[in-house]
Amino acid sequence: MIERPRRLRTTAAMRKLVRETRPRPAQLVLPVFVGESPAEIGAMPGVRRHTVEQIGGVARSAAEAGLGGIMLFGVPDDADKDSRGTQAWAPDGIEQRAITACREAVGDDLVIMSDVCLDEFTSHGHCGFLAEDGRVINDETCDAYAQQAVAQARAGTHVVAPSGMMDGQIRVIRAGLDAAGFEDVGILAYSAKYASAFYGPFREAVGSSLQGDRRTYQQDPANRREGLREALLDLSEGADMVMVKPASHYLDVLADVAAVSKVPVAAYQVSGEYAMIEAAAEHGWIDRRAAIQESITSIVRSGADVVLTYWALEVAEWLD
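Going by our numbering, the first residue of the sequence shown is number 391, and it counts up by one from there.
No lab work stands behind these hints: they were computed from the structure. Heads up, none of these hints are tricks.
Derived DEER-like restraints, expressed as beta-carbon distance ranges:
no.: 1; residue 1: A681; residue 2: E454; range: 17 to 27 Å
no.: 2; residue 1: R679; residue 2: M391; range: 30 to 40 Å
no.: 3; residue 1: G571; residue 2: I527; range: 19 to 29 Å
no.: 4; residue 1: H673; residue 2: S626; range: 41 to 51 Å
Owing to the predicted nature of the structure, the values given are computational and were not obtained by experimental measurement. All C-beta atoms in this analysis are idealised placements derived from N, C-alpha and C, irrespective of residue type, glycine included.
Please model the entire structure based on the sequences and the hints provided.
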């Protein structure tokens, strides 16, 4: 035999030398939850909700670990929710206070990202305003997103991340930021976001009030081409980065988007992906560290430049 591929697998050093995919701490983003009071997330062992007073320390830890960024999700108390989610753009809203605390803690040493959506702030749990028939109103919701993005920019965010899957949201947000003088604030678009069963633990983390489901605006898991279409639309509207969510079960969509995107591509390793590996490892059914590393490597291998993962701090330590 002339060709023996196994020659390049003979030792750990050899495998390391020829490894094609090499995740780096700088391409990892840590999603974090910030509320008025701390709380453990039962469905996500090792993940907790932080307070505004605590979040600066988390941001410093992320910067010291060499992470690329932190993604903030504000979690208001139920008493602060209303049908329109007005706390989403209030100057003293939980997310705006969390952004400011992070910016004061790390300045520009870490990319501070903030979720733009109304679901955590509405009493009905949907990502936008509701019509009388229960339908989510698209265009008026986009205007609210722009208002929320401007409030976050004033609080100090580097990147806003619209996750509501409203048509035209990137164009409206970009116009709103620019009109308010925030031309340098970037937009990470949740472009291909699917109506996934793997969001369950996240809803516990944010105390979701969801009534019904989000299948009229999030994508059908059966559709591959639609993910690329959504990403291309967001690019045409001015997105600085695009995202596929969830990651592991949508690697085909991720590869499609990465093949055509001229901007960085992100993928979100969501709460259900985290919970499955943690649960299997707790039962001794899989090697926890090996499974985590393999899962993130597969996401990067499929084309992700940026990976949002709840294991970011731990993985960064392993990579280092």
